[in-house]
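There are 2 protein chains.
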Amino acid sequence: MTASHATPAHPDALTYEQAGVNYDQVDPIKLLAQQSAKATAASLVRHGLSEIVASRGESAYVLDAGPFYLASIVECLGTKILVADAVYRETGKSYYAAIAQDTIAMAVNDLITVGATPLIVQAYWAAGGSDWFADKKRASDLIAGWKAACDTCGVSWGGGETPALAGVVEGGTIDLGASCVGLVQPKSRLSLGDNLAAGDAIVLLASSGIHANGVSLARKLAERLPNGYQSDVGDGQPFGEALLAPTILYAPVTEALAKAGVTINYCVNVTGHGWRKLLRHTRDLTYRIHTVPPVPAVLSYMQREAKLDNAEAYGTLNMGAGFAFFVKSEQAEQTVAIAKACGIEAWVAGRVEAGSKQVIIEPIGVTYGTDDLKLR
Amino acid sequence: MTASHATPAHPDALTYEQAGVNYDQVDPIKLLAQQSAKATAASLVRHGLSEIVASRGESAYVLDAGPFYLASIVECLGTKILVADAVYRETGKSYYAAIAQDTIAMAVNDLITVGATPLIVQAYWAAGGSDWFADKKRASDLIAGWKAACDTCGVSWGGGETPALAGVVEGGTIDLGASCVGLVQPKSRLSLGDNLAAGDAIVLLASSGIHANGVSLARKLAERLPNGYQSDVGDGQPFGEALLAPTILYAPVTEALAKAGVTINYCVNVTGHGWRKLLRHTRDLTYRIHTVPPVPAVLSYMQREAKLDNAEAYGTLNMGAGFAFFVKSEQAEQTVAIAKACGIEAWVAGRVEAGSKQVIIEPIGVTYGTDDLKLR
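Chains A and B supply the protein sequences, listed in that same order. Convert by adding 1142 to the 1-based position in the first sequence; the result is the number in this note's numbering. Convert by adding 1142 to the 1-based position in the second sequence; the result is the number in this note's numbering.
Treat each hint with caution, since some may be false.
Because identical chains cannot be distinguished in the list, a pair is counted as satisfied if it fits within a single copy or across any two copies.
Cross-link-like lysine-lysine pairs, in silico, BS3-like; alpha carbons within 25 Å at most [claimed, not checked]:
id : residue 1 : residue 2
1  : K1172     : K1499
2  : K1172     : K1279
3  : K1180     : K1279
4  : K1172     : K1278
5  : K1278     : K1180
6  : K1278     : K1235
7  : K1235     : K1172
8  : K1470     : K1329
Don't read these hints as lab results, they were simulated from the structure. Treat the numbers as computed from the prediction; the structure is a model and nothing was measured.
Take the sequences, apply the hints, and build the full model.
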């Protein structure tokens, strides 16, 4: 890595630690939780079932249910809700439909990485008080956005939980999460990376902006800006509203690829840790990127204003790439065409090579190595 | 209903509305959400699948996945965490393992009502800040309790989400939730009440105390008591710690019943709304109760101190009955015996009769009618 997050290149740079996220405090406990979780899989034997061991540490958990695999996940929106709350307070503009789509995207975009067709979404909406739901505009926008996102992904919204949790959730806001269940069917669609190999093409799909990761940094930055969320990001859009562009839902693409017979060897949902996520798979392989997508205005603006060098920016934010497919090189162009047919810009952006585990982003001269991503 | 929650029988009585829970504000939006959710089921057709319509409004959502039914749910612990936090602050005693069991119980005890074998649990642990996990005792107790509860239920802990959400979740606490996925296999185990009929026996299973419902009332009451959570509930136990008896996990009983060939016509997880939950099924039937279980000390204490009459107490709290099975009368005693073999006290407590939709609790002279429970 040409620059680390602990020692920012620019003395005024806003790091993720300064933004209040301390991965060091979370990680040892996360590890203990992962080890304890792993040990519980033994219970499945009594039901005549088994887990797919390789799915632990991946973005969704996979169970072998016999005729097909069963994938499941729970995810949360995180602090992006606070941006929507601030914009609503300052301008009266409701972005709660967008926020609903973000929440579903957090769950569905992770679930599809293992090759699952998402089928059921459950809503987890924990408000700071019953009064959150008394604002009919806000609440009905949330519902409308949730329904529309379910329809886009072809999932049934099964139900959920809408507790009022004063004292646990801050007053005036809401903790949004979603669980998602899907089936990998036929089983050959399982894309845990077993066939990921040197020679594979890396296809990147466009993001719409920040999606829902890197938001703590954006919020910290807004505090520093004289005009806060009203600051023009350069294309006339205020910072707050630009941040609230909803996360792209990639499920229509994975379904279209399956239908077209494209084999996905592996997927990465580019979320926290930005492009360092491309190192997600355990295998020692080199990911060489020759093309980077255009950077959404809101992310260029953030990079400039937070004084992040390229290594910091691409290591934290999606920088225009929201999702990555690893496919056989002969199916790369078809993958791009199918994504475009789904209305999502895409690029054959690089290739997988034999070599040590690293991501080399040639156009910007940045390399991330194994020390830069510890997710397991 | 002999007394409503809007007009408490005793002038000093502590109602649920006074405790900060306003169902009126939540319900119209809940209804809109339910209608919107229902409309999304049409998407399943494109996958060649369909939902079990009758599962909407029940405690878990059921999909017909072909060879078996797939059930899923997301649930949260709610404000019981604040009791654990208070006791930890006041005494240094950690009840975070108990709280973990409560959270899993909220999800698993609901999931099993439809006849599903719970298979996968995902953890949703949203902390008010990264520092929540820096207290190793608290965090490792949470993990240990979570793992133990998974082992008791025979589920695999698939993974989860442990975000630090300063600004969304209150500092110093954590929003705990769980999603659960299970299979109904064979399909004949589906217990959505199609065969619920006059003549069925009602078997009640013991609760361990308050479980995780009615906690807002308990917290409000603690504020009124001179010794707060340190008040003796009558058996030497301090109120706070008595409240933290973990919710009983009923999954071993449903699995044992299935193994023994007992057919469960319907189940009710007695949570919010107390015994009014016995009215859950849509059918017009009368539920006549001739035996009430012994009331745990903590609940007798709450009833007395909050000055609740029996209609209020049984309509809000579980009063010693945490779960109900509706079975053919000839299998009632066997159901009790199997629950006891699982270490859970149980009683043949009543019967289902033809008649208007009501619960008649004879030993205490309380009747609840259809106006008393609007969950759909």
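Here's how the hints hold up against the structure:
no. : hint           : in the structure
1   : K1172 to K1499 : within (23 Å within a copy, 49 Å between copies)
2   : K1172 to K1279 : between (38 Å within a copy, 14 Å between copies)
3   : K1180 to K1279 : between (43 Å within a copy, 21 Å between copies)
4   : K1172 to K1278 : between (38 Å within a copy, 11 Å between copies)
5   : K1278 to K1180 : between (43 Å within a copy, 20 Å between copies)
6   : K1278 to K1235 : within (14 Å within a copy, 42 Å between copies)
7   : K1235 to K1172 : between (38 Å within a copy, 23 Å between copies)
8   : K1470 to K1329 : within (19 Å within a copy, 41 Å between copies)
In summary, the structure agrees with every hint in the numbered list given earlier.
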